[in-house]
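If you read the protein sequences in the order shown, they are chains E and Y.
The first sequence begins at 1 in this note's numbering and counts up one residue at a time.
The second sequence begins at 1 in this note's numbering and counts up one residue at a time.
Quick caveat, the hints were computed from the structure, so don't treat them as lab data.
Nothing here was measured: the structure is a model prediction, and the numbers come from that model.
Beta carbons are placed, not taken as given, at the ideal position from N, Cα and C, and that holds for glycine.
One or more of the hints may lead you astray.
The calculated lysine-lysine pairs, modelled on BS3-like cross-linking and capped at a C-alpha distance of 25 Å, are [stated by the list, open to error]:
| id | chain 1 | residue 1 | chain 2 | residue 2 |
| --- | --- | --- | --- | --- |
| 1 | E | Lys142 | Y | Lys142 |
| 2 | E | Lys36 | E | Lys17 |
| 3 | Y | Lys213 | E | Lys142 |
| 4 | E | Lys258 | E | Lys217 |
| 5 | E | Lys289 | E | Lys17 |
| 6 | E | Lys213 | Y | Lys142 |
| 7 | E | Lys56 | E | Lys293 |
| 8 | Y | Lys44 | Y | Lys56 |
| 9 | E | Lys114 | E | Lys17 |
| 10 | E | Lys114 | Y | Lys76 |
| 11 | Y | Lys289 | E | Lys76 |
| 12 | Y | Lys16 | Y | Lys289 |
| 13 | E | Lys142 | Y | Lys76 |
| 14 | Y | Lys44 | Y | Lys142 |
| 15 | E | Lys258 | E | Lys109 |
| 16 | Y | Lys213 | Y | Lys114 |
| 17 | Y | Lys213 | Y | Lys142 |
| 18 | E | Lys258 | E | Lys16 |
Some chain E residues judged to face chain Y by a derived CB distance under 7 Å, without partners named [claimed, not checked]:
| id | residue |
| --- | --- |
| 19 | Met100 |
| 20 | Asn102 |
| 21 | Gly108 |
| 22 | Pro110 |
| 23 | Leu123 |
| 24 | Phe133 |
| 25 | Asn144 |
| 26 | Ser154 |
| 27 | Pro159 |
| 28 | Gln160 |
| 29 | Leu180 |
| 30 | Gln184 |
| 31 | Val265 |
| 32 | Glu269 |
2 protein chains.
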Amino acid sequence: MKPNKTCGNCSNNFFKKNLARWTDTINTHLTNILKKLSCPTELKKSVDYSLMAGGKRIRPILCLAWAEMLGLEKNKILNFACGLEFIHTYSLIHDDLPSMDNDDLRRGKPTNHKVFGEAMAILAGDALLTQSFELMANNPIKPNYILEAILQVSIAAGPQGMVGGQVLDLSLENQRQTSLSQIQEMHRLKTGALLEVACVSGAILAQEVGASKTDIKNASIYGRNIGLAFQIVDDILDVIGDENVLGKPVGSDIRQGKSTYPSLVGLEESYNLAQKIIQNALESLQNYKGNTKIFLEDLANYIIERAH
Amino acid sequence: MKPNKTCGNCSNNFFKKNLARWTDTINTHLTNILKKLSCPTELKKSVDYSLMAGGKRIRPILCLAWAEMLGLEKNKILNFACGLEFIHTYSLIHDDLPSMDNDDLRRGKPTNHKVFGEAMAILAGDALLTQSFELMANNPIKPNYILEAILQVSIAAGPQGMVGGQVLDLSLENQRQTSLSQIQEMHRLKTGALLEVACVSGAILAQEVGASKTDIKNASIYGRNIGLAFQIVDDILDVIGDENVLGKPVGSDIRQGKSTYPSLVGLEESYNLAQKIIQNALESLQNYKGNTKIFLEDLANYIIERAH
C-alpha cells in the first residue's frame, strides 16, 4: 500500500483514502460525544446539525497526525482533537449570523440560524465553545501537558487570535482600500491561529512520549504555513472554483468588494506564493519519518492541488 | 474590628466593608488583565465596557473565599477567579441580545449591543468566554487541580449547565403555563450552576493545601443553596424592589408574563423558602472557622437581607 511517489495520481488517491480514514475516526468520536450529551433537545439538534454537516475535520486531524508522528497513540487524545472541531464549528455558526457575514448557506446546507433561529444559533455556538474545553480537559495524558495545550488553544481562539481576526474581517469589509498586510494579518488571526495551534497542541501533548520544544516549534511552522496557503487557495477558488464542489457560491468575495490575494497580487502570483509557503511547511517535516510524516506531506501538497 | 454579633446593623456594615474589599481585589486584577490584552481596539472597548460595568463580582469572590477558608493563599488563584467573572459577563452580553432577551439596559447602562452593535457584542462575548479558559489555565497551582477545576467549570457553563439554562428560559417564555419545577430546573442551570461551581472550584484548587472531597462537597452544598436563594430573592425584588437601587426596571417579569416564585407560591412563601435554603447553606459551613467563614456566613445572610 506504499504510494508510488513518482505517480501523482496514485499518490493522490492513496492520500484521499487515508484522509477519509482519519475523517471517519473523528466523525465516529464526534458521534459518540454527541450521544452522551445531555441538554435541552432543541439545543442538541442545533449543535448536532452544524457539527455533523460534513466538514473535513482538518483541525482535529492535524492535531492527531502531529501527535502520532511524534509517537503518541492517537486514541489517547481523541477528545482533545474533537474539542478543536467544536471550536471551529462554533466559529462558523457565529460568523454566518445575520449581524456578521449574513450567510444563508454553509457546505451546501442552510446555515444554523436559518434552521433554528438566531437565538438558538448563538447558543449552539456558545455551547460548542464551552464544551470544547470540557473535551480538551478530559484526556488520559499528564495534566501539565493538557494544561499547556489548553492555554495555547485558548490564546489562539480568543481575542488575540480567532475572535480578533473576525473583528478585523468585519472592519475590513467597511474599508474602501485594504492592503495585503492587513489581509494577511486578518487571515493569520481568523483562520491561521487555530490551524497552527491544532498542530502545536498535538506536539505539546506528545511531550507525554518525549516530544521536544523543537518538535513543538516545527509543528508551529508547519501549521502556520498550512494555514496561510489554505487561505490563499480559498481566495483563488473563489475566483476559479466550482460552486458544486465547494458547496458555496463562488465570486462572493468580488461581489462583496473584499480584498483577496488574487485581487491584490493576481491569480498567478497568488498561486506561486501558495506554493512557496507549502514548501516552508514541508521543510518543517524533514527530520521525521514514517507513514504519518508522508500523510502530513500529502496533506500540505493537497492544499495546493485544490487550486488546480 | 471584630463585628458585634448581637447587633445586626454593625455586623451588616462590617460585612459590606469587607465585601467592598473583596470586590476591589477582583476589580484591580480585572483591570490588570485588560491592560495586558492585545486585540483590535473596538473589541477591547466592547469587552472593557461590560466587564467593568460595576458588577458585585460574587462568583470570583465565592471562589476566592472558599479557597481562602480552606487555607489557600488567594493571590495564587486570582486569574482563575477572574475567569469566572469573564464567563458571567459573556453570558450577560449574549442574554441581552435582540434575538434573546432584547434588553436595552444592564446595571443602569445601555447594553453592550446598544453601544457597540450586535456583531461586536456577540464577538465580545465569544472573546470573554474563550479568554476565561486562558485565565483559568494560568495559575501557580498543581496542574491536576487546575484541570479538575476547569473541567467542572466547563460542564457548569456549557450545554448541560448555563447555556442549557438559557435555552430553557427562552422556551419557557413561549409557554403559557409553567410549573415551579420547570422554573427551578431553569434557574438551577442558568444561574445556579455557575454560582455552585465558583465555590466548588475554589475548594478543588484548595486541594493544593490539603482540602478534601468533603470540603468540595460542602462548597457544592453552599453554592447550590446560595444560587437558589439568590434567584428567589431576585424574583421577589422584581415585585417589591427599588428601580434605582437595582439599576433595572422592576415588574418586568410580570409584564413579560414570566412565571416566578412570587407568582407561583406568593411573596410570603417565597421569602420563607429563601430563608430555609440559606439555612442549608449556613449548615455547610459549620465545620470551619476564621474570618473567611464569617464572611461566607454574612454573604449568605446578605442575600436574604436584600429582600427586606
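Verification of the hints:
no. : hint                : in the structure
1   : E:Lys142 / Y:Lys142 : holds, 12 Å
2   : E:Lys36 / E:Lys17   : violated, 29 Å
3   : Y:Lys213 / E:Lys142 : holds, 21 Å
4   : E:Lys258 / E:Lys217 : violated, 33 Å
5   : E:Lys289 / E:Lys17  : holds, 20 Å
6   : E:Lys213 / Y:Lys142 : holds, 21 Å
7   : E:Lys56 / E:Lys293  : holds, 19 Å
8   : Y:Lys44 / Y:Lys56   : holds, 21 Å
9   : E:Lys114 / E:Lys17  : violated, 33 Å
10  : E:Lys114 / Y:Lys76  : violated, 46 Å
11  : Y:Lys289 / E:Lys76  : violated, 43 Å
12  : Y:Lys16 / Y:Lys289  : holds, 20 Å
13  : E:Lys142 / Y:Lys76  : holds, 22 Å
14  : Y:Lys44 / Y:Lys142  : violated, 31 Å
15  : E:Lys258 / E:Lys109 : holds, 23 Å
16  : Y:Lys213 / Y:Lys114 : violated, 45 Å
17  : Y:Lys213 / Y:Lys142 : holds, 17 Å
18  : E:Lys258 / E:Lys16  : violated, 32 Å
19  : Met100              : holds, 5 Å
20  : Asn102              : violated, 10 Å
21  : Gly108              : violated, 25 Å
22  : Pro110              : violated, 17 Å
23  : Leu123              : holds, 6 Å
24  : Phe133              : holds, 4 Å
25  : Asn144              : holds, 4 Å
26  : Ser154              : holds, 4 Å
27  : Pro159              : holds, 4 Å
28  : Gln160              : holds, 5 Å
29  : Leu180              : violated, 18 Å
30  : Gln184              : violated, 15 Å
31  : Val265              : violated, 25 Å
32  : Glu269              : violated, 28 Å
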